[in-house]
Amino acid sequence: MPAAVPLSWYLVLSAVLFSLGVAGFFFRRNIITMFMSIELMLNAVNLSFVAFSFQLKQVSGNIFAFFVMVVAAAEAAVGLAIILTVFKNRATLNVDRIDSMKY
Amino acid sequence: MNTVFFLVFGLIVVVCAINVVVQRHPISSAISLIGVMGSLAIIYLQLGAEFMAAAQIIVYTGAVMVLFIFVIMLLNAGSEEGGKGPLTVRLLGVPLLLVFLGLLSYLIQRLFSDTGPVRFGDFKGGSPADVGRALFSTYLLPFEITSVLILIAILGAIVLARKELD
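In order, the protein sequence lines correspond to chains A and B. Read left to right, the first sequence gives residues 36 to 138 (our numbering). Read left to right, the second sequence gives residues 5 to 170 (our numbering).
Hints listed in this document are in silico derivations from the structure and should not be mistaken for laboratory results. Just so you know, even glycine gets a beta-carbon here, dropped at the ideal spot from N, CA and C. One or more of the hints may lead you astray.
[Stated by the list, open to error] Which residues of chain A face chain B? A few of them, derived with a C-beta cut under 8 Å, are:
id	residue
1	48
2	52
3	71
4	75
5	76
6	86
7	103
8	122
9	137
Between the sequences and the hints, there should be enough to build the whole structure, so can you do that?
Next comes the structure, spelled out in structure tokens:
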């Protein structure tokens with residue numbers, strides 16, 4: 036077993052996480068689980084940023100990941116408020132039933 | 005040592021992420037997501053991003069996931085109904101996703117094959133002091149704009165979630 040893994044393994048881990056987030060977003064029908072899949076994708080991107088920050092020996096990647104984290108927190112607050120409002124009006128969390136803009 | 009560290013926590017991340025996607029009850033997904041984020045914080049620590057690791061624990065597992073679990077409990081969300089997606093999604097979804105992942109991994113291996121090994125302690129620029137210095141000099145304007153964004157998000161969340169007064 037090698038003493039240390041190359042950087043590309045971290046990037047592949049990030050790609051796996053991102054794909055799982057995409058899978059959750061496409062296959063789940065619960066609006067909260069879909070929202071959590073989005074958070075999963077954002078985390079995968081953050082891992083890429085931090086890995087490149089390590090590789091290039093620059094702090095900029097960390098800063099950018101920090102901004103992504105801040106925006107994700109703001110997005111979670113607003114998104115969950117929207118979910119609360121949708122549930123109040125439609126009494127369901129299934130995205131297939133929230134389709135009044137579709138027809 | 006570095007390899008074992010990466011493999012153990014990488015495995016926890018992947019298993020928890022799969023669990024997020026396959027669990028039918030949102031609260032199980034949320035708990036698994038906390039596992040993903042906690043293990044990612046430890047991987048950040050290995051990559052020399054100390055401040056990011058701390059922020060990951062505080063902001064994600066501490067604040068965002070508590071918010072998620074609050075909302076799940078407030079809405080009393082049960083297991084997902086067995087509604088199946090369209091036929092094309094069920095048939096083509098997983099193979100296409102595997103193709104996407106394979107292509108992505110192939111590109112990563114091709115583009116970054118000559119990168120050096122990742123050893124703990126090679127990069128020490130991610131400490132709170134360094135991040136703070138960069139944040140308040142080079143990135144001052146984006147930082148201030150983000151604070152305004154958060155203020156807007158707070159107001160938006162309050163306006164959206166308040167009770168209508170008749």
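Structure-based check of each hint:
no. : hint : in the structure
1   : 48   : holds (5 Å)
2   : 52   : holds (6 Å)
3   : 71   : holds (5 Å)
4   : 75   : holds (6 Å)
5   : 76   : violated (10 Å)
6   : 86   : holds (6 Å)
7   : 103  : violated (10 Å)
8   : 122  : holds (5 Å)
9   : 137  : violated (13 Å)
Checked against the numbered hints above, the structure violates hints 5, 7, 9; every other hint is satisfied.
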